[in-house]
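Engineer: The lines below spell out each chain.
Protein chains: 2
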Amino acid sequence: MTAAQLDATFAALADPTRRAILARLASGEASVNELAEPFAMTQPAISKHLKVLERAGLVTRGRDAQRRPRKLEAKPLAEATAWLEEYRKHWDLSFHRLDAVLEEMKRTRRKR
Amino acid sequence: MTAAQLDATFAALADPTRRAILARLASGEASVNELAEPFAMTQPAISKHLKVLERAGLVTRGRDAQRRPRKLEAKPLAEATAWLEEYRKHWDLSFHRLDAVLEEMKRTRRKR
Chain A
562 MTAAQLDATF AALADPTRRA ILARLASGEA SVNELAEPFA MTQPAISKHL
612 KVLERAGLVT RGRDAQRRPR KLEAKPLAEA TAWLEEYRKH WDLSFHRLDA
662 VLEEMKRTRR KR
Chain B
562 MTAAQLDATF AALADPTRRA ILARLASGEA SVNELAEPFA MTQPAISKHL
612 KVLERAGLVT RGRDAQRRPR KLEAKPLAEA TAWLEEYRKH WDLSFHRLDA
662 VLEEMKRTRR KR
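Chains as they are written, first to last, in this note's numbering: chain A, 562 to 673; chain B, 562 to 673.
These are computed hints drawn from the structure, not numbers from a lab.
One or more hints might be untrue.
Copies of one chain are not kept apart here, so a pair can be met inside one copy or by any two copies together.
[Claimed, not checked] Cross-link-like lysine-lysine pairs, in silico, DSS-like; alpha carbons within 25 angstroms at most:
{"hint": "1", "residue 1": "K612", "residue 2": "K632"}
{"hint": "2", "residue 1": "K636", "residue 2": "K612"}
{"hint": "3", "residue 1": "K609", "residue 2": "K632"}
{"hint": "4", "residue 1": "K667", "residue 2": "K612"}
{"hint": "5", "residue 1": "K667", "residue 2": "K609"}
{"hint": "6", "residue 1": "K636", "residue 2": "K609"}
{"hint": "7", "residue 1": "K650", "residue 2": "K636"}
{"hint": "8", "residue 1": "K632", "residue 2": "K650"}
{"hint": "9", "residue 1": "K667", "residue 2": "K636"}
{"hint": "10", "residue 1": "K667", "residue 2": "K650"}
Chain A extracted, bound-state conformation (with noise of 0.2 angstroms):
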């Protein structure tokens, strides 16, 4: 893993659309068209997220020529969080704190 590769995927997942994509592949394969559904946004606009997250190595084209299905790749997305959890035992929360936090952000994504 290089410095470059944590800077790139960083930067891809500062981002709410590129997050979103993200959050749809990530329950699977999906064409542009596809990707483009849920959002307000253009084609073209999907297109070039979709670059950013192509270049930071997060999302492949699938095999299929005609549907060009977009599909994620988990190793960078992985990298990030090893960089991530690295230092959570030196964060300044306790991990029992820590825990609060997640259960926390949990039980609100789930009421969404």
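Assemble the complex: chain A is given as a structure, and chain B must be docked to it using the hints.
Structural biologist: Just chain B, lined up with the frame of chain A:
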């Protein structure tokens, strides 16, 4: 947690100097001078990075008015980790394979 907070957190993490500053602060408060020391960087350059970290809420100023030590704020980092972990279960890698990646990264890091 708002989308804007996650945007700011991930954008702040997308730079190797800022990640190094956070890593340093994970082991305790430090003044700007102390933070600048390990980097081949001027104090103003470090201050610029600190401003990004402060605006994102990842770093705050400690109470000592003379030293103005900088302090890591864990909550936004915990929230960014939680976002990534929410999708981990869907990632292409099985938990087993992800664990292998994390283990490998830890070993590599220990060797450095």
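Engineer: If a hint holds in the structure, say so; if it doesn't, say that too.
Structural biologist: Each hint tested on the structure:
no.	hint	verdict
1	K612 - K632	within (13 angstroms within a copy, 36 angstroms between copies)
2	K636 - K612	within (18 angstroms within a copy, 31 angstroms between copies)
3	K609 - K632	within (16 angstroms within a copy, 37 angstroms between copies)
4	K667 - K612	neither (30 angstroms within a copy, 30 angstroms between copies)
5	K667 - K609	neither (30 angstroms within a copy, 34 angstroms between copies)
6	K636 - K609	within (22 angstroms within a copy, 31 angstroms between copies)
7	K650 - K636	both (22 angstroms within a copy, 13 angstroms between copies)
8	K632 - K650	between (32 angstroms within a copy, 15 angstroms between copies)
9	K667 - K636	both (23 angstroms within a copy, 15 angstroms between copies)
10	K667 - K650	both (20 angstroms within a copy, 14 angstroms between copies)
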